[in-house]
Amino acid sequence: MYKALSVAGEGGITFGRRPEKIPVNIFPRRLASNNTSPYKFAFARTALKYGLNSIGLEQGDDLLVPEFICESALEPLQELGIKPKYYPVGPTLEPEWTWVEQRISMATKALLIVHYFGQPQQMKTCVKFCQDHSLLLIEDNAHGFGGTFSGQLLGTFGDMGVSAPRKSFPIINGAYLYIYHGTNPDLSTLILQPRASLSIKHRLKNRIKQLPVIDYVMKHRQRVTEHRKRLGAPVPYGSQNAFRDPPILKDFGMDESTDSFLHQENIDRVRENRQTIYYLWQQWTSRQGLMPVFPNLSPGAIPLVFPTFAESATISRQWYERGHRAGVDIHSWPTLPHAIVEGNNGAMRLWERLVCFPIHQEMDVQLLERRLAIL
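Our numbering numbers the first residue of the sequence shown as 4 and each following residue consecutively.
These are computed hints drawn from the structure, not numbers from a lab.
The C-beta atom is built at its ideal place from N, Cα and C for all residues, glycine as well.
Please note that a few of the clues may not be correct.
[What the hints assert, rightly or not] Taking CB as the label site, the calculated pair distances span: (1) Gly19 x Asp189: 17 to 23 angstroms; (2) Thr39 x Tyr5: 47 to 53 angstroms; (3) Ala316 x Met109: 37 to 43 angstroms; (4) Pro302 x Met109: 36 to 42 angstroms; (5) Glu372 x Tyr183: 41 to 47 angstroms.
[To be verified] Cross-link-like lysine-lysine pairs, in silico, DSS-like; alpha carbons within 25 angstroms at most: (6) Lys232 x Lys253; (7) Lys131 x Lys112; (8) Lys88 x Lys127; (9) Lys232 x Lys170; (10) Lys170 x Lys131; (11) Lys170 x Lys112; (12) Lys131 x Lys86; (13) Lys127 x Lys112; (14) Lys6 x Lys232; (15) Lys112 x Lys86; (16) Lys86 x Lys253.
Let the sequences and hints guide you as you build the complete structure.
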């Protein structure tokens, strides 16, 4: 068992997956303007559902989907009655094209590809495959908002694409839908996502917390809580049953303030900062016996995490605990569909060995380097 790092001084800093400070919305809240592509939603799942409708997929149609995919991404397919036909991906997470071709039937209408962790797929190959087989192309770029391939924005190569900036920015919600060959979606039923944090009671509590004495007490409690957490059981990243998301029951649109925040962000700075941390993890993990998933990071990528493979599932779980004790969110991905878990195939082997190291654009590189010296 690994020893928990003290929370005194810099040890109290936790290295997670997103910047922690979330902008406070100003009343009154409003939905973001939604007249043209990209269309704005609260969640990528909702964006995908509207996009599938717009490009003409219907109940009973087949959609080619990678086996290595998060279960929640399939929620729109279940809602619309579209059948997923799974295809395998290789160790660098690119489609196994021979197997993809064998999955095509008369009912197959489209191919969904995933830009895993913000690393672009080989889009010329993807586009040509769909052209040769008369398939629609759908890009899942939930991991890599703002990333490019050969200078073109990810999510804009196919008939439709989705991105989810909420995964990499300090915002409550946020997803974009790009449509190029389809009808304009009817967004009249979108509503604002409820926000308990914007209630008068919650705002009053936040004001009280800012008082110097209260702030000191709260920070002390946070350090105590963090230390107890590190002494306790690790987050169960080694279980496929631990992180199954509940379905989204309503269609939520993006907040206007979220859209404004994202437009003000300097994407080039975000890319530079995230790539700097990516290469820092790459250099460090190369000395730890871990193998990077991607031999080379694409120049236009905005990496979500630094993904590696351990030699075995046992070693992966050791890494999750090691990160837990040191206050570094070393984690697994994804929560696979039940059918894939029960099939216990190649996607499960990838998941068992995958070890992801956190990245975000506000991460202090010097603090991270000092933490790595004792991790």
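Against the structure, the hints:
1. Gly19 x Asp189: 17 to 23 angstroms: With Cβ atoms ~37 angstroms apart, the hint is violated.
2. Thr39 x Tyr5: 47 to 53 angstroms: holds (51 angstroms)
3. Ala316 x Met109: 37 to 43 angstroms: Given range 37 to 43 angstroms: holds, Cβ gap about 39 angstroms.
4. Pro302 x Met109: 36 to 42 angstroms: holds (40 angstroms)
5. Glu372 x Tyr183: 41 to 47 angstroms: holds (43 angstroms)
6. Lys232 x Lys253: The given pair, whose Cα atoms are some 34 angstroms apart, is violated under the 25 angstroms limit.
7. Lys131 x Lys112: holds (15 angstroms)
8. Lys88 x Lys127: Status holds; Cα separation ~22 angstroms.
9. Lys232 x Lys170: holds (24 angstroms)
10. Lys170 x Lys131: Distance ~30 angstroms between lysine 170 and lysine 131 Cα, so the pair is violated.
11. Lys170 x Lys112: violated (29 angstroms)
12. Lys131 x Lys86: holds (23 angstroms)
13. Lys127 x Lys112: holds (19 angstroms)
14. Lys6 x Lys232: holds (12 angstroms)
15. Lys112 x Lys86: Distance ~10 angstroms between lysine 112 and lysine 86 Cα, so the pair holds.
16. Lys86 x Lys253: holds (22 angstroms)
Hint violations for this structure: numbers 1, 6, 10, 11, all remaining hints satisfied.
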